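Student: Sequence:
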Amino acid sequence: MHFPGPFALIDANNFYVSCERVFRPALEGRPVIVLSNNDGCAIARSNEAKALGIKMGHPWFQVRQAWPDAGITALSANFALYGDMSSRLMGVAAGLGPEQEVYSIDETFIGLAGIPGDLARRSHAVRSRILQWTGLPTCVGIGPTKTLAKLANHIAKSAERKPGSYPAELAQVCNLAILPASELDAIMAATEVSEVWGIGPRIAGQLRMLNVRTVRDAASLDPATVRRRWSVTLERTIRELQGQPCIGLEQQPSAKQQIACTRSFGQPVDSLEPMVQAVSEFAARAGEKLRAQGGRTGQMLVFAHTSPFQPGKSYSKSITLALRRPSSNTLDLVATAARGMRAIFKPGIQFMKAGVMLLDLAPEGQEQEELPLDNEGEASERLMSVLDAINDRYGQGAIRVASAGTQVKKREWEMRQQLRTPRYTTRWDELPVART
DNA sequence: TCTGGGGTCCTAGGACCC
DNA sequence: TCTGGGGTCCTAGGACCC
Numbered sequence: 046m047h048f049p050g051p052f053a054l055i056d057a058n059n060f061y062v063s064c065e066r067v068f069r070p071a072l073e074g075r076p077v078i079v080l081s082n083n084d085g086c087a088i089a090r091s092n093e094a095k096a097l098g099i100k101m102g103h104p105w106f107q108v109r110q111a112w113p114d115a116g117i118t119a120l121s122a123n124f125a126l127y128g129d130m131s132s133r134l135m136g137v138a139a140g141l142g143p144e145q146e147v148y149s150i151d152e153t154f155i156g157l158a159g160i161p162g163d164l165a166r167r168s169h170a171v172r173s174r175i176l177q178w179t180g181l182p183t184c185v186g187i188g189p190t191k192t193l194a195k196l197a198n199h200i201a202k203s204a205e206r207k208p209g210s211y212p213a214e215l216a217q218v219c220n221l222a223i224l225p226a227s228e229l230d231a232i233m234a235a236t237e238v239s240e241v242w243g244i245g246p247r248i249a250g251q252l253r254m255l256n257v258r259t260v261r262d263a264a265s266l267d268p269a270t271v272r273r274r275w276s277v278t279l280e281r282t283i284r285e286l287q288g289q290p291c292i293g294l295e296q297q298p299s300a301k302q303q304i305a306c307t308r309s310f311g312q313p314v315d316s317l318e319p320m321v322q323a324v325s326e327f328a329a330r331a332g333e334k335l336r337a338q339g340g341r342t343g344q345m346l347v348f349a350h351t352s353p354f355q356p357g358k359s360y361s362k363s364i365t366l367a368l369r370r371p372s373s374n375t376l377d378l379v380a381t382a383a384r385g386m387r388a389i390f391k392p393g394i395q396f397m398k399a400g401v402m403l404l405d406l407a408p409e410g411q412e413q414e415e416l417p418l419d420n421e422g423e424a425s426e427r428l429m430s431v432l433d434a435i436n437d438r439y440g441q442g443a444i445r446v447a448s449a450g451t452q453v454k455k456r457e458w459e460m461r462q463q464l465r466t467p468r469y470t471t472r473w474d475e476l477p478v479a480r481t
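Our numbering puts the last residue of the first sequence at 481; the count rises by one with no breaks.
Treat the hints with caution; some may be incorrect.
[Unchecked claim] Okay, the calculated beta carbon distance ranges per label pair: (1) T270 - P212: 29 to 35 Å; (2) P113 - P356: 24 to 30 Å; (3) L97 - A305: 29 to 35 Å; (4) A434 - K301: 29 to 35 Å; (5) Q344 - I435: 26 to 32 Å; (6) H169 - E318: 30 to 36 Å.
[As the list claims (entries may be wrong)] Below are the BS3-like pairs computed for lysine-lysine, each with C-alpha atoms no more than 27 Å apart in a straight line: (7) K362 - K334; (8) K334 - K455; (9) K358 - K334; (10) K455 - K301; (11) K362 - K301; (12) K301 - K391; (13) K100 - K398; (14) K391 - K455.
Note that these hints are calculated values from the structure, not bench results.
Source: prediction; values computed, not measured.
By construction, the Cβ of each residue, glycine as well, lies at the ideal position given by its N, Cα and C atoms.
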């Protein structure tokens with residue numbers, strides 16, 4: 046395990062909303078939310094939207110009813126844009142220190158070992174550079190462990206957004222590593238235990254029953270007792286709060302152990318053909334992800350179910366299928382997914398969601414080889430790399446399997462996305478226009 | 001009318017082995 | 001009254017993260 050602390054955590058503020066605002070500055074200062082797939086519920090909120098009381102995961106149709114006159118702008122998720130903005134952010138953020146772990150689309154840990162001088166001042170400089178070069182506002186938290194860096198980031202954000210919640214000088218950049226013990230103690234006593242990375246609602250509730258309510262309370266627990274009562278995971282969290290590094294920095298993203306592609310439909314589907322289309326498409330997407338990490342799959346899970354929100358009879362079924370031999374070939378995967386769907390489909394059901402999961406992943410070259418009776422394997426690899434290269438250059442879906450549906454064959458299962466902004470940075474025909 | 005998607009890790013318990 | 005000891009592998013379920 047690698048502990049090049051102290052650690053910084055750089056985290057974008059309201060990331061998806063901030064990406065949208067870069068290209069639509071008129072949205073500054075206004076309540077803006079970004080919706081999940083299918084325009085279902087709020088997954089990102091501007092500060093103004095949070096101030097209205099809109100919650101994470103709040104269904105859009107309820108938001109619309111509850112605040113008809115608040116001037117809320119709702120946008121469909123534009124993941125092509127967010128992914129590209131993320132890689133720009135990560136590139137500039139890397140300048141803060143020698144080692145970097147990209148933790149999520151909008152967060153990165155930086156290992157600061159060996160950096161001399163005032164880390165807070167350096168962080169302010171990098172923060173300004175990110176804002177100037179990408180347009181994205183961020184906050185930086187610094188601590189001797191990753192858990193404390195996360196906590197510091199929370200404090201930096203709260204101090205900025207809610208003046209008075211913490212000392213004003215901690216806004217935007219908060220370095221817990223150099224705080225005098227008494228001040229650190231006061232801050233931990235003023236922070237709820239549920240804010241700690243790794244403590245979710247369930248464990249926070251159990252801790253509350255033991256009168257452990259603040260971060261300070263949690264940091265005073267005995268690690269051995271915590272391990273006995275809960276698990277080694279929570280023990281690590283407690284030790285990290287006490288300043289002992291237990292969670293290392295992971296610079297190379299490790300290969301995934303499973304790959305999923307699942308979607309809710311834009312409308313209920315009750316016939317077999319569109320269901321087969323949908324899982325064909327999902328299998329093809331999953332195959333792209335699989336080839337990107339250089340892996341093969343030996344098992345696929347296919348599932349479909351009705352909406353959990355609709356009254357009436359519900360139906361949910363899944364099947365696990367073995368591939369004849371480990372493969373990353375889209376044509377194999379699509380055929381397997383279609384076979385699975387035919388096995389679990391039942392007429393007269395209003396299906397609302399389906400998905401494909403690739404299990405039992407292994408790196409290429411690790412599986413047992415069959416005697417090559419022809420050059421089938423090599424041809425398949427060349428076909429897939431050409432497919433990926435074309436889709437990479439001309440856009441996702443430029444070439445796809447026909448069983449996933451075509452423009453002629455309507456794709457009735459496709460998700461709704463009526464409020465999507467242009468893919469400004471990744472499509473030539475959607476570039477922002479400066480002047481006509 | 002309308003409610004997301006994609007991951008990881010840990011533990012307990014059962015099956016099975018010698 | 002008594003009923004071994006130790007190990008591995010797999011799966012399901014719980015909890016967490018963004």
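Student: Determine which of the earlier numbered hints do not hold for this structure and return their numbers in increasing order.
Tutor: Structure breaks hints 4, 6, 9, 10 and 12.
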